[in-house]
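Colleague: The residues making up each chain are set out below.
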Amino acid sequence: MIIRAVLTSAFAALMLSACAPSIPVQSTQLVPITATQQRFQVVGSVTVRLTSGYSREVRAGSLWQPVGTITQGTVLRPVSGVFTIEGRQIHEAYLVTKASTLVGFFLPGESHFSPLDPPQSITIERIND
Amino acid sequence: MTKLFKALVASTLVALVASGCASGPQYKEVASSIPTLKETQGRIYFYRSNSMFGAALQPSINLNGAPVGKSQPGGFFYVDEPAGQYVVSTATETEKTVSFKLDAGETKYVKTSVGFGLLVGRIVPSLESADEAVKNLEDLHYVAAQTTAAVKKAD
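Protein chains in written order, with the working numbering: chain A, 1 to 129; chain B, 1 to 155.
If we strip away everything but chain A, and leave its shape as in the complex, we get:
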């Protein structure tokens, strides 16, 4: 029974890694903001399920810095560490938020926007150092 479960999950992982669809992307243009020390903290963890089948967690307490805007919202880069999203390929990703909603991700290595479907609520607060 256990062996069957292990084999099934291993097979599922294999299929996901081998056959995951590409994440959807749209062309976009980042308008950088002037250098700022402003930082934001994510108040509650947000688990994101991507259309590729993978999921990612935006951890509570993680710090993010605004680096610019795109048509879809404000672009927030992690202050320390890296954040990636994954489909067939792996992409470094910044958060894109609009009015307390995580609407998708900006992919700085490709200058693309990847929409989150559906958008998810996210609570961030400004940090005063």
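By construction, these hints were calculated from the structure, which means they are not laboratory data. Note that the Cβ used here is the ideal one computed from N, Cα and C, for glycine as well. Be aware that a few hints might be false.
Stated by the list, open to error - Which residues of chain A face chain B? A partial, calculated answer using Cβ under 10 Å:
#, residue
1, Pro-66
2, Gly-68
3, Thr-84
Stated by the list, open to error - Taking lysine to any residue pairs in the SDA-like style, the calculated list, with each CA pair at most 25 Å apart, reads:
#, chain 1, residue 1, chain 2, residue 2
4, B, Lys-38, A, Val-79
5, B, Lys-38, A, Ser-55
6, B, Lys-135, A, Val-58
7, B, Lys-101, A, Pro-21
8, B, Lys-101, A, Ala-20
9, B, Lys-101, A, Gly-68
10, B, Lys-101, A, Gln-89
11, B, Lys-101, A, Arg-59
12, B, Lys-38, B, Glu-106
13, B, Lys-38, A, Thr-36
14, B, Lys-101, A, Gln-38
15, A, Lys-98, B, Lys-101
16, B, Lys-28, A, Ser-80
17, B, Lys-101, A, Gly-73
18, B, Lys-101, A, Pro-66
19, B, Lys-101, A, Pro-32
20, B, Lys-38, B, Gly-105
21, B, Lys-101, B, Pro-82
22, B, Lys-135, B, Ser-113
23, B, Lys-28, A, Gln-37
24, A, Lys-98, A, Gln-72
25, A, Lys-98, A, Ser-55
26, B, Lys-38, A, Pro-32
27, B, Lys-135, A, Ser-62
28, B, Lys-135, B, Pro-35
29, A, Lys-98, A, Arg-39
30, B, Lys-135, A, Thr-84
31, B, Lys-28, B, Glu-132
32, B, Lys-28, A, Val-82
33, B, Lys-101, A, Val-31
34, B, Lys-101, A, Val-79
35, B, Lys-38, A, Val-58
36, B, Lys-38, A, Pro-21
Based on these hints, arrange chain B on the given structure of chain A.
Modeller: Chain B only, in chain A's frame:
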């Protein structure tokens, strides 16, 4: 017969270990001699943990399509590149890439690890945080990069 089989397995394992793992100086021995970055460049470290699982798989690591080194168990190397957009790929059964932006003065860390494949294993690159990477690098061995000329812009 059993003895012969055991001897064969043991000798295969020894040969694999002898040929498969990186053997240069450890990170902690060379860390102080790694040069500081030029103003306009960033640094990308590539590393792979010292695991025997899939040790025979040692594909080239490509940066924007240009080979910069090999994924070797227990090995690491780095390249200094101009700020820009980069894609790392490895040449195995299926190609999994990781794309990222490198800023001037920034250091990025790319880990390669063995993943399952449909027919054979494959080497998958991933982007790691500095905290995690530096912990892993401590015990790894330096292997020279092939080139630092991967300046072709990502498509």
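Colleague: Is the Cα-Cα distance between B/Lys-135 and A/Val-58 25 Å or less?
Modeller: Distance ~22 Å between B/Lys-135 and A/Val-58 Cα, so the pair holds.
Colleague: Going straight from one Cα to the other, do B/Lys-135 and A/Ser-62 come out at no more than 25 Å?
Modeller: Distance of about 20 Å is within 25 Å: holds.
Colleague: Can you confirm whether the C-alpha distance between B/Lys-38 and A/Ser-55 stays at or below 25 Å?
Modeller: At roughly 37 Å apart (the allowed maximum being 25 Å), A/Ser-55 and B/Lys-38 break the hint.
Colleague: Does A/Thr-84 sit within 25 Å of B/Lys-135, going by the straight-line distance between their CA atoms?
Modeller: OK: B/Lys-135 and A/Thr-84 at ~20 Å, within 25 Å.
Colleague: Is B/Lys-101 within 25 Å of A/Gln-89, Cα to Cα?
Modeller: 15 Å, holds
Colleague: Just to be careful: measuring from the Cβ of A/Pro-66 to every Cβ in chain B, is the smallest value less than 10 Å?
Modeller: Result: violated, 16 Å to nearest chain B Cβ.
Colleague: Within a Cα-Cα threshold of 25 Å, do B/Lys-101 and A/Ala-20 meet the stated pairing?
Modeller: 23 Å, holds
Colleague: Interface hint check: A/Thr-84, Cβ to nearest Cβ on chain B, cutoff 10 Å. Holds or violated?
Modeller: Holds: closest Cβ of chain B sits about 5 Å from A/Thr-84, inside 10 Å.
Colleague: Given the hinted pair B/Lys-28 and A/Ser-80, is their alpha-carbon gap at most 25 Å?
Modeller: 23 Å, holds
Colleague: Quickly compare the C-alpha distance for B/Lys-101 and B/Pro-82 to 25 Å and report which way the hint goes.
Modeller: Given that 25 Å is the threshold and the Cα spacing comes to 11 Å, the pair holds.
Colleague: Hint check: B/Lys-38 vs A/Pro-21, CA-CA at most 25 Å. Holds or violated?
Modeller: 39 Å, violated
Colleague: Within 25 Å, alpha carbon to alpha carbon, are B/Lys-101 and A/Gly-68?
Modeller: 15 Å, holds
When held up to the earlier numbered hints, the structure conflicts with 1, 2, 5, 23, 35 and 36 and fits the remainder.
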